[in-house]
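S.K.: One-letter residues, chain by chain:
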Amino acid sequence: MSSKRRRAIWRQVGLQAFLLTVTAFVVFPILWIVSLSLDPRGIDKPLDLTLIPPGASLDAYRKVLIEPFGLLCRNPNDPASCMTFGSLLRNSLLVALGTSVVAVILGSSAAYAFSRFRFIGRQAGMLGFIVLIMLPTTAALAPLYVLLSQIRFGGESLRTTLLGLSLAYASSTMPFAVWNLKGYFDTIPKELEEAARIDGASLTQTFVRIMLPLALPALAVTILFSFMAGWTEFVLAWTFLENPSRFTLAMALRSMQGQYATPWSEFSAMSILMSLPIVLLFFLMQRYVVSGLAAGAVKG
Amino acid sequence: MTMEQTQLKAATARPARATNDLARRIRQSRIAWAYIAPAGLLMLFVTLFPYIYQVGMAFTNYRIQNLRFNIFDPDTWERFAPAWVGLDNFRRILTSQLTVENYDFGRLLLFNVTWTVTNVALHVSLGVVIALALNQKDLIGRKVYRALFILPWAIPGYITALTWKNMYDQRFGAVNHLLRAANGFLGTDLPTNIRWLEQAQPPIGGPLAFLPLAYYALLLTNVWLGWPFMTVVATGALQAIPNDLYEAANMDGANAWQKFWHVTVPLIRPAMVPAIMLGTIWTFNNFAVIYFISEGGPFGRTEILVTQAFKLVYEQRLYGVAAAFGIVIFVILLVFTIANNRITRATEAYDV
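Sequence order for the protein chains is S and B.
If you read the first sequence in the numbering used here, its first letter stands for residue 1, the second for the next number, and so on.
If you read the second sequence in the numbering used here, its first letter stands for residue 1, the second for the next number, and so on.
Calculated directly from the structure, the hints in this document are not laboratory data.
In this text, a Cβ means the ideal position worked out from N, Cα and C, and glycines have one as well.
Treat each hint with caution, since some may be false.
Said to hold, decoys possible - Pairwise CB distance ranges, derived in the manner of DEER restraints:
id, chain 1, residue 1, chain 2, residue 2, range
1, S, S57, B, I332, 47 to 53 Å
2, S, A261, B, W84, 28 to 34 Å
3, S, E191, B, F210, 42 to 48 Å
4, B, L94, S, Q257, 55 to 61 Å
5, B, I31, S, L58, 27 to 33 Å
6, B, G187, S, K4, 55 to 61 Å
Claimed, not checked - Pairs of lysine to aspartate or glutamate, DMTMM-like flavour, derived with a Cα cap of 20 Å:
id, chain 1, residue 1, chain 2, residue 2
7, B, K259, B, E247
8, B, K137, B, D244
9, B, K137, B, E247
10, S, K4, B, D138
11, S, K4, B, E247
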């Protein structure tokens with residue numbers, strides 16, 4: 001064996017050893033929660049470190065998916081009025097999709113202006129959006145509550161609707177969306193748009209037909225992040241929503257965290273069920289995530 | 001044309017062109033702001049307005065009895081309006097005179113900064129090193145690693161936090177189980193009864209005595225959570241480096257270390273700086289990990305500014321003080337970001 005080949009093999013062994021260590025670190029908590037979700041004892045106290053606990057079953061998943069959530073009912077005495085996984089899922093999807101649609105449409109429009117026009121107030125506007133990333137959301141709960149309560153929408157206050165919630169989430173993801181999209185638009189050469197303009201396309205047409213398709217990775221990242229924000233947020237939802245029929249998965253998961261006892265198998269099963277769609281989205285969009293983020297930042 | 005005529009023409013032409021330029025700029029500005037308007041209006045109503053309201057609240061002693069005060073409803077003004085206290089809230093926050101258990105502003109700030117700096121440093125160094133390893137051309141199993149390594153990022157943050165809290169349980173948690181398993185397997189004698197989140201005695205004394213064991217536990221969790229973002233950004237930047245730069249460095253006889261410092265680092269820097277800035281803001285305000293794992297304990301020594309602000313609202317019901325606290329956090333971050341913006345010039349025009 002040549003020394004060059006031997007060196008290549010040792011290099012590979014070193015790389016694999018390093019990456020396998022990282023893998024172990026990454027996977028350990030995930031395996032732990034999978035193990036808890038399979039544990040029929042429903043406690044937080046397994047006495048050993050086994051992936052498949054004794055008497056493992058999918059019972060917790062069955063419970064979460066089929067049985068009604070006893071804590072989330074319009075009428076505590078009537079099980080039929082309680083939320084089920086399906087109805088919670090529907091609400092979560094509505095909020096998450098609403099958030100991402102609002103964020104990607106409004107965000108790309110604003111980012112386009114910041115990237116392509118030289119206008120009065122541009123620097124101030126850009127800085128304004130960045131500054132907004134820094135405002136801690138937990139701090140402005142009370143005034144937002146008052147404000148959204150004032151706006152009536154279809155006979156009820158906007159605060160208690162899923163639309164109001166989507167708008168609040170979209171607003172909190174907006175600064176990042178605008179910033180990242182603007183960075184990505186900056187990397188797209190101007191010549192294509194100029195050619196389209198010479199061919200008589202209007203500004204809106206150039207934006208929709210030329211810019212947006214070219215910025216697909218960054219749009220995908222925006223959709224992914226805002227979907228995730230809408231999918232997992234529960235502080236605002238918990239404070240604003242009143243009618244249990246509008247409650248979301250994230251709220252249901254939070255409600256399982258009892259003050260004294262948590263049903264750990266069900267909590268873990270629910271956590272895994274809630275994480276799966278996001279993880280799948282990440283896998284599907286992985287290629288876009290790498291290019292859609294990095295390019296946004298590369299310009300600096 | 002005489003000299004005078006030319007000068008005269010130039011003198012009259014200049015203001016005309018300037019007006020034209022201005023008119024064009026204004027027209028352009030109008031179009032630009034029309035594109036920004038939808039996002040801008042949403043931000044104005046849903047984000048900016050509440051914060052302005054918040055600024056007003058910060059100068060009052062807004063408490064639970066003022067909750068029925070509604071600025072849009074004059075009927076509530078007389079009975080429920082909070083009293084104006086000027087800068088008193090800020091004075092009490094900054095001089096640690098709040099009647100809140102374990103409250104010490106200096107300690108909070110020191111811990112928050114330490115927490116942010118150590119986390120971001122670990123995120124970036126680990127993130128870049130792993131991105132480099134994944135970027136080796138002869139690496140076997142790259143796709144599998146890439147897919148696995150995105151998991152900590154993809155799993156919702158508070159699920160991660162609650163899982164780790166469960167893992168740090170003294171008697172039944174996975175971490176102590178792991179140490180027990182290691183003792184059995186390797187014949188070592190590691191302690192297996194560690195109170196990860198509760199132990200008051202700091203593991204490292206001297207200047208680091210202000211960091212309880214819970215800090216290291218939280219750090220481990222947040223490193224687990226945070227490095228994949230940096231790896232993704234670094235991967236994108238690494239893939240954009242043209243290979244001939246490395247070939248040129250090889251011809252100059254550079255070793256691996258020199259290539260890393262003189263080719264890789266300068267070229268991924270522009271991508272990493274904004275990512276570091278974002279990571280710093282996110283970590284500085286990282287609510288979920290602290291609140292759900294250690295809840296600020298033991299004795300408030302792992303409390304950060306945002307968890308303290310949240311507790312002021314939800315436990316103490318001191319809305320006015322909490323509003324002032326939010327402003328203090330914002331100002332600290334703003335100073336930092338402006339300094340950072342000066343360096344990175346992230347808002348600069350892109351004309352090359």
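S.K.: Now, for every hint given, state plainly whether the structure supports it.
M.R.: Evaluated hints:
Evaluation of the 47 to 53 Å hint for S57(S) and I332(B) yields a pass: the beta carbon distance comes to about 50 Å. The hinted range of 28 to 34 Å is not satisfied by A261(S) and W84(B), whose Cβ atoms lie roughly 46 Å apart. Checked against the given bound of 42 to 48 Å, the beta carbons of E191(S) and F210(B), roughly 57 Å apart, lie outside it. Between L94(B) and Q257(S) the CB atoms are about 34 Å apart, so this pair departs from the stated range of 55 to 61 Å.
Judged by the Cβ atoms, the range 27 to 33 Å given for I31(B) and L58(S) is violated: they are separated by roughly 58 Å. Evaluation of the 55 to 61 Å hint for G187(B) and K4(S) yields a failure: the beta carbon distance comes to about 40 Å. For the suggested pair K259(B) and E247(B), the alpha carbons sit about 10 Å apart, so the restraint of at most 20 Å is met. For a cut-off of 20 Å, the pair hint linking K137(B) to D244(B) stands: about 15 Å separates their Cα positions.
Straight-line distance between C-alpha atoms of K137(B) and E247(B) comes to about 14 Å, which keeps the hinted pair within the 20 Å bound. For a cut-off of 20 Å, the pair hint linking K4(S) to D138(B) stands: about 14 Å separates their Cα positions. Note on K4(S) and E247(B): the hinted pairing holds, with a Cα-Cα distance of about 18 Å set against a maximum of 20 Å.
When the structure is compared with the earlier hints, violations turn up for hints 2, 3, 4, 5, 6 and for no others.
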